[in-house]
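K.L.:
As a plain string of letters, each chain reads:
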Amino acid sequence: MSKQKLVVIGAGMASGRVLEHLIEAAPEAYEITLFNAEPRGNYNRIMLSPVLSGEKSYAEIVTHDDAWYAERGVTCRFGEHVVAIDRATKTVTGQQGTVAYDKLLIATGSAPFIIPVPGRDLPGVITYRDLDDTNAMVAAADRGGAAVVIGGGLLGLEAAAGLALRGMEVTVVHLMGHLMERQLDEAAGYLLKKDLETKGITVLTRASTKAILGEDRAEAVLLEDGTTLPADLVVMAVGIRPETRLATDAGLSVARGVEVNAQMQSVSDPDIYAVGECVEFDGHLFGLVAPLYDQAKVVADSLLGRENAFVVRDVATKLKVTGCDLFSAGDFADAPGREDIVYRDPARGIYKRLVIEGDRLVGAVMYGDTADGNWFFGLIKDGTDIEEMRETLIFGPACQGGASADPLSAVAALPPEAEICGCNGVCKGTIVEAITGGAGDLGAVRATTKASASCGTCTGLVEQLLQVTLGDAFRMPTAQPVCGCTDHTHDDVRRLIKTMPLKSQEAVWQELGWKTRNGCHVCRPAINFYLLADWPLEYRDDPQSRFINERKHANIQKDGTFSVVPRMWGGITTPDELRAIADAADKYKVPTVKVTGGQRIDLLGVKGEDLPAIWADLNRARLVSGHAYSKGLRTVKTCVGTDHCRFGTQDSTGLGIKLEQVLWGSWTPHKVKLAVSGCPRNCAEATCKDVGIVCVDSGYQVGVAGAAGMDVKETERLADVPTEQEAIDLTVAFIQLYRENAKYLDRPYKWVAKVGLDWVKARVVDDPEERARLIAAFEVSQGIYRKDPWAEHAATKARGYAPLADLTLEAAE
Amino acid sequence: MSWIDIGSLEDVPLRGARLVRTRAGCIAVFRTAEAEVFAASNACPHKGGPLAEGIVHGTRVTCPLHNWVFDLETGAAVGEDARIATYPVRVEGGRILIDGSALGQRSAA
Ligand code: SRM
Ligand SMILES: Cc1cc2nc3c(=O)[nH]c(=O)nc-3n(C[C@H](O)[C@H](O)[C@H](O)COP(=O)(O)OP(=O)(O)OC[C@H]3O[C@@H](n4cnc5c(N)ncnc54)[C@H](O)[C@@H]3O)c2cc1C
Ligand code: SF4
Ligand code: FES
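One line per chain: the protein sequences are A and B, in this order.
At position 577 of the first sequence the residue is numbered 610 (our numbering), and the sequence of numbers has no breaks.
At position 97 of the second sequence the residue is numbered 480 (our numbering), and the sequence of numbers has no breaks.
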């Protein structure tokens, strides 16, 4: 019987495997012709990264050389594109001629996706798919200079790492909020970014490419936000799509990939098979080699008439982005009833997260230490019941079987050389020695051994050692942690944000060992405030970590509507402003208009979607947000003062307006309210405010830390000063000191009670240098925040206030 | 199932939510991670608080009115005997699709 003719299009990783299986099982079954667009045969594409970085040569990654094909009688047509498949005549046409087939195998892989920006065709812009691309990058790197890699997925990062190793200055531009968002969650993405940055690679996230600039070749990349990044080389690695053009032209059924059945047969033609990344099976596409190898076996069996069927299996991604250890497996996204277990070791840069559904492990993400990855993957794949090991699961196989889950006995069981404090390299023995030598509390252990003195995450362990060593003689301290996500107190977190330093929420969660993925409604607003107060220039406010009032710049009401309170500087208004308020109340059918206790007017019951419009209307009359919703400056109440009152000693209204204009827009740990009274009769009630100024003949009495809410308390005198400017300076310095030090949601009177008025005076009043520093620091922050959020939202964020979709309308059409 | 396109993933802030009006009432569409989306009733069973305005953390949301916390995967309130309805939703090619049949609604062709 004459041999059947098999034609294979594409000599990639998948078809290479098919040929191996097929020829080994039945060397005489087929007469094989192998086309490949690349001018070479099969090689290990995965290993292109070591070739790029210079660790390997091309020769080392070839999987099938000329001799291999020759010995097996495979006719090779390398460097020849197939241009058409004719199913009627059962022929395939390459650039050099036509050949007939009995069976055809399409194995064309994927084509890199090119984002349609101007300049994408310039020389110097390359993708990363094959050896030619790799060689082009190596040649560019030899010339040196700057490279911009567009795309922070696996391929882009491999390219970036390789180019950096070859001495280029590399910037990665990534559209999403964290790197490799499909394989990693944001915590692991943060660690990856940090590692890449220590390798000298700049990483820009949430950065969208607008154009590639250059005359005859690429010279720079322009981002949507206007940033221009100089670039001698631009690597576009934004994704791939199955290479299906031939199949589509031949009229085969193609969805995103060539559609095949479980035998890897085209669903529209039983003589045509497809394998690899060009395939779509049961709605799945494939981008890693493991499933392709399974497919290859099935193809070989099917071609030999043996029964076999392809099934989609979970794949783990154990990835080595040159020098970074990461792992993800299973499914760590949506489905009902899931629960997270999170473990972080900040000192060693480790993060692990397990996703559990019922009593099964369904997903895992790991960074920094992936040794247990395969074990977790096994549990996921086998659907093992993990109920028994739940408590200790995250510690891996070493901790299973008999090990106690009680933390105290676990600590007691540790050997003396076990490291407790990763930052300072202090082991258990040293700490126990210090304790038996007389260090009876945490502070003493810190002082003698340095354990827990740096990042502080081992504090719990040190305390347990104290307890194990001292027994009942040791009483666990009862400092309140911020919330259930962490063991740290507010004070610790504030201190560590400044000293470590930590400049993003991801950094706080990781470096301080947060126990949850991304905090909760209690800690997130606090951390967000601490970061923006300490790093006004580096940290960007995160609206998603704010309570709704501050996110939408209005007070939510019990029925879900909002109230709108425009600012009335020092309580002064004009007929025009009042008219604008009245018009807005009419136009937006505001049910209640009320004069507040803070000397301004409240429009209550405004619909959420009307907010941007009513703000735009009020803005036109120069009315701005009154921040009646914020942990920030609220009102500065004033009395009429010297302008009209027969007792007034100073211009209290004028000073109130000045203070409000300096302070407005600033964020503070809790709300801040001021008042200025023109004389000791105190009609503005200044003696019960956070800062209250009472004018007298000789100048200004500046009082702080008053209260008239849940507690009532008279202000304490900070200082008496002769000039208005000094009164303003003291106020600003006091508020900045409060911003830098207070616990979130402590009003000034609570904070001053903790630190003592003398401590405050020593900085704000007695130390002119510190006062000047505080005022300057406040101004830096106000350079960003002293603006009207209403105007900004009405102009640029209005869409977010409307529903995403209205299906009631659609249904009625 | 009949999947209805309700908008782009990018239009829902990361760790945030947007509202969708349907004939079955207002539904909040939450985005908890880059490409992880949930849909649930917008009304808090406590006193009707608008859940789309809550703080989203992990795969949970905290009601903006009195801080009840809901698990978006199951709809169950944490530590309370209450639950919100959840709806099938998925992301495809950067678009968010919701199951119209679960809302008693056909896609408007
Ligand atoms: C509108 C107003 C009442 C009024 O109609 O006059 C008001 C309304 C609210 N106050 Fe107030 N307070 C108002 C003046 C006051 C005053 C008097 C003042 O500012 O001179 C006080 C006492 C002084 C003080 O601040 O301590 C006051 C002490 C509080 C407190 C207790 C604060 C404390 O630390 O003890 C709260 C609760 C809180 O902030 O946590 C609060 C909280 C609230 C909230 C925001 C409750 C909430 O979270 O929803 C109310 C919003 C109502 C709404 O839906 O708009 N409100 N509130 C006043 C707005 C003033 C303004 O123009 O901005
Ligand atoms: C740099 C890099 C690193 C990678 N790292 C990993 C990793 O760590 N782990 C992992 O699992 N996967 C990795 N991958 C993915 C893996 O390489 C692919 O999944 C795999 O190569 C796909 O095999 P394939 O046979 O479907 O396609 P390919 O290997 O791409 O082969 C397709 C071949 O068909 C040819 N062809 C296309 N059209 C025609 C035509 N019309 N005529 C003739 N020939 C044609 C192409 O030139 C190509 O040679 C990596 C990929 C790259 C590029
Ligand atoms: S006193 Fe303030 S918080 Fe209490 S009901 Fe009145 S407005 Fe609301
Ligand atoms: S209405 Fe939601 S907690 Fe009260």
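In case anyone wonders, no lab produced these hints; they're calculated from the structure.
Yeah, the Cβ is synthetic: ideal placement off N, Cα and C, and Gly gets one too.
One thing to keep in mind: the hints can contain errors.
A few chain B residues that face chain A, going by a derived Cβ cut-off under 8 Å, partial list only [what the hints assert, rightly or not]:
no.	residue
1	385
2	387
3	392
4	397
5	398
6	404
7	412
8	429
9	433
10	450
11	461
12	462
13	464
14	465
15	478
K.L.:
Next step is simple, just say for each hint if it's right about the structure.
P.N.:
Each hint, compared with the structure:
1. 385: 12 Å, violated
2. 387: 7 Å, holds
3. 392: Interface hint status for residue 392 of chain B: violated (10 Å vs cutoff 8 Å).
4. 397: Holds, about 6 Å.
5. 398: Interface hint status for residue 398 of chain B: holds (4 Å vs cutoff 8 Å).
6. 404: 4 Å, holds
7. 412: 6 Å, holds
8. 429: Not OK, violated: residue 429 of chain B not within 8 Å of chain A, min 11 Å.
9. 433: This hint holds: residue 433 of chain B lies near chain A, its Cβ roughly 4 Å from the closest one there, short of 8 Å.
10. 450: 7 Å, holds
11. 461: 10 Å, violated
12. 462: 12 Å, violated
13. 464: With Cβ-Cβ at 17 Å, over 8 Å, it is violated.
14. 465: 17 Å, violated
15. 478: Not OK, violated: residue 478 of chain B not within 8 Å of chain A, min 11 Å.
The structure is inconsistent with the numbered hints 1, 3, 8, 11, 12, 13, 14 and 15, although it conforms to all the rest.
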